[in-house]
Amino acid sequence: MVDRESQLALEVALTGLADRLGPPDSVIRHLHRLSGGASQETWAFEISNSRGTRALILRREPFARVSTLQAGLETEAELIKLAGAAGVPAPSVVYVLRPEDHCGRGFLMARLHGETIPRKLLRDAPYIAARARLTTDCGEALARLHRITPTKPLPHPLRLAPGSVRLKELHSAYTDNGLANPVFAYALRWLADHLPPDPSPRLVHGDFRMGNLMVDEDGLVGVLDWELAHLGDPMEDLGWLCAPSWRFGEIDHPVGGFGRREDLFAAYERASGHTVDPARVRFWEVFGALQWGLMCAGMGTLFMSGADPSIERGMIARRVSETEIDLLDYLLPKSHGGDHA
Amino acid sequence: MLDKPAAQDLLPAVAKLLRDITGEAPTPHAVFLSKVAANAVDLATREASLGPRIAAEERARLQQLFGETADLETLNRALAEALLSGARDGTDPAIRDHLWRTTLDKLSVDQPRYAAYQRHLKRTSGR
Chain A
1 MVDRESQLAL EVALTGLADR LGPPDSVIRH LHRLSGGASQ ETWAFEISNS RGTRALILRR
61 EPFARVSTLQ AGLETEAELI KLAGAAGVPA PSVVYVLRPE DHCGRGFLMA RLHGETIPRK
121 LLRDAPYIAA RARLTTDCGE ALARLHRITP TKPLPHPLRL APGSVRLKEL HSAYTDNGLA
181 NPVFAYALRW LADHLPPDPS PRLVHGDFRM GNLMVDEDGL VGVLDWELAH LGDPMEDLGW
241 LCAPSWRFGE IDHPVGGFGR REDLFAAYER ASGHTVDPAR VRFWEVFGAL QWGLMCAGMG
301 TLFMSGADPS IERGMIARRV SETEIDLLDY LLPKSHGGDH A
Chain B
1 MLDKPAAQDL LPAVAKLLRD ITGEAPTPHA VFLSKVAANA VDLATREASL GPRIAAEERA
61 RLQQLFGETA DLETLNRALA EALLSGARDG TDPAIRDHLW RTTLDKLSVD QPRYAAYQRH
121 LKRTSGR
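Taken in sequence, the protein lines are chains A and B. Note that the working numbering has the first sequence beginning at 1, numbered continuously upward. Note that the working numbering has the second sequence beginning at 1, numbered continuously upward.
What the hints contain is simulated information worked out from the structure, not anything from laboratory work. Don't be surprised by glycine CBs; every beta carbon is placed ideally from N, CA and C. Misleading hints may appear alongside valid ones.
Derived DSBU-like pairs (lysine-lysine); straight-line CA-CA distance at most 30 Å [said to hold, decoys possible]:
| # | chain 1 | residue 1 | chain 2 | residue 2 |
| --- | --- | --- | --- | --- |
| 1 | A | K334 | B | K35 |
| 2 | B | K16 | B | K4 |
| 3 | B | K4 | A | K334 |
| 4 | B | K35 | A | K120 |
| 5 | B | K35 | B | K4 |
| 6 | B | K35 | B | K16 |
| 7 | B | K4 | A | K168 |
| 8 | B | K35 | A | K152 |
Covered, in the sense of this in silico footprint (three residues per stretch, anywhere, with C-beta under 8 Å from a C-beta of chain B), are these stretches of chain A [claimed, not checked]:
| # | segment |
| --- | --- |
| 9 | 52 to 58 |
| 10 | 87 to 101 |
| 11 | 185 to 195 |
| 12 | 238 to 252 |
| 13 | 295 to 303 |
Each pair of labels, with its calculated beta carbon distance range [to be verified]:
| # | chain 1 | residue 1 | chain 2 | residue 2 | range |
| --- | --- | --- | --- | --- | --- |
| 14 | B | D89 | A | M295 | 22 to 28 Å |
| 15 | B | P112 | A | P278 | 28 to 34 Å |
| 16 | A | G249 | B | T45 | 20 to 26 Å |
| 17 | B | A55 | A | T149 | 50 to 56 Å |
If we strip away everything but chain A, and leave its shape as in the complex, we get (with noise of 0.2 Å):
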């Protein structure tokens, strides 16, 4: 829940930064969080003054804070930026935060119409052109951001984080909760025996799926959140899109709940004169299915230490034998098996 003196201190800095910015007449409304967890915050509101009306997002952390896993939310700012320049679906940065603006680090962008809630996009019938339009539209944006080659040196250097340092990353994961899962260790096992040779690096976004992809009635308009972004195996993206945790109940659509993995090939392929390994994509399926997993039951841990006791938390640790029915359905099918095969 919102701290009110929180919200009001960052409408006053607002304030002050559109004053500095645009005519000093400015006023700032309907300031309202949308999301976030316990350290970026993502917020909507307007400013309007003597030039008019601009609904904006700002994205920003309020305290300084070292990540080893995030790009930092000024790297996901170029980021942005070079992603639209490459033709990629993505929002305008209107501008980066500055110290002595007062907001914490992030960044200002321009509000884009849309809908990011996957059950309205799987389901609702305003989006069926959309859904139609929606795995070619993502085979796209993922070839011309696997294309993206930063011209200038990004204010943090994005990590190297291909496969082999990826599953370490999943390893450790596993070590730290302490965990007694058989499924997850086979997993683990059988990941390591079948991890593809890297590939030379490229700009990986890290978290493109379904509820970071801004969709209007006739398609992409927006691809978000790239603080996961890296550089390393681009099938990584593809395999996440796929992974089923991100198939919201329509778990017969693999890409993301809506599409056909050979459309989605197809598209990729053409957009960007690569072929795409299927046993590669499927790597990265059960990597992301196992990741999900881990990440639940990461959620259970801050939940008994008494770190976040809230009952989201503790739910969500709940559903790592989701992940286990997932992992089993891919690596130890029954006869009647499912799709993933």
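Position chain B against the provided structure of chain A, taking the given hints into account.
Chain B alone, transformed into the frame defined by chain A:
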């Protein structure tokens, strides 16, 4: 083995939430949290009725696999370590059967509406 937090750990969080939101205007977030809390109570109810049988059967299978007696946590840790090191193989029919039964039993408590679980139930009952 059912994951943590157990029902007895979840229920105090439900109680706290219900006390916290009492008297508040029902904001969309409070409505969402109330649904999560209701799901937690349903889960705890299923765990109370199914949990003991599931744990006993899982332990019996593991003791059969290892030929020794120990508590559920110890046996699970032993199986996990054997699968991770490659000393035991998941494709071994007895282990594969055990893993499937255990996960399906867990889902019957955790998330019986999960689509992959529902599909599995339909396929096994249709044979």
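These are the hints, each one checked on the structure:
1. A/K334 / B/K35: violated, 34 Å
2. B/K16 / B/K4: Holds: B/K16 and B/K4 sit about 19 Å apart, inside 30 Å.
3. B/K4 / A/K334: holds, 27 Å
4. B/K35 / A/K120: holds, 18 Å
5. B/K35 / B/K4: Since the Cα atoms of B/K35 and B/K4 sit roughly 20 Å apart, the hinted pair holds (cutoff 30 Å).
6. B/K35 / B/K16: holds, 14 Å
7. B/K4 / A/K168: holds, 24 Å
8. B/K35 / A/K152: The given pair, whose Cα atoms are some 48 Å apart, is violated under the 30 Å limit.
9. 52 to 58: Our answer is that it is violated, as 0 residues pass the Cβ test (under 8 Å) against chain B, missing three.
10. 87 to 101: Our answer is that it is violated, as 0 residues pass the Cβ test (under 8 Å) against chain B, missing three.
11. 185 to 195: Holds, because 5 residues of the segment 185 to 195 of chain A bring their Cβ atoms closer than 8 Å to Cβ atoms of chain B.
12. 238 to 252: holds (count 5)
13. 295 to 303: Result for this restraint: holds, n = 3.
14. B/D89 / A/M295: 22 to 28 Å: At 27 Å between Cβs, range holds.
15. B/P112 / A/P278: 28 to 34 Å: Given about 32 Å between the Cβ atoms, the range holds.
16. A/G249 / B/T45: 20 to 26 Å: holds, 23 Å
17. B/A55 / A/T149: 50 to 56 Å: holds, 54 Å
Hint violations for this structure: numbers 1, 8, 9 and 10, all remaining hints satisfied.
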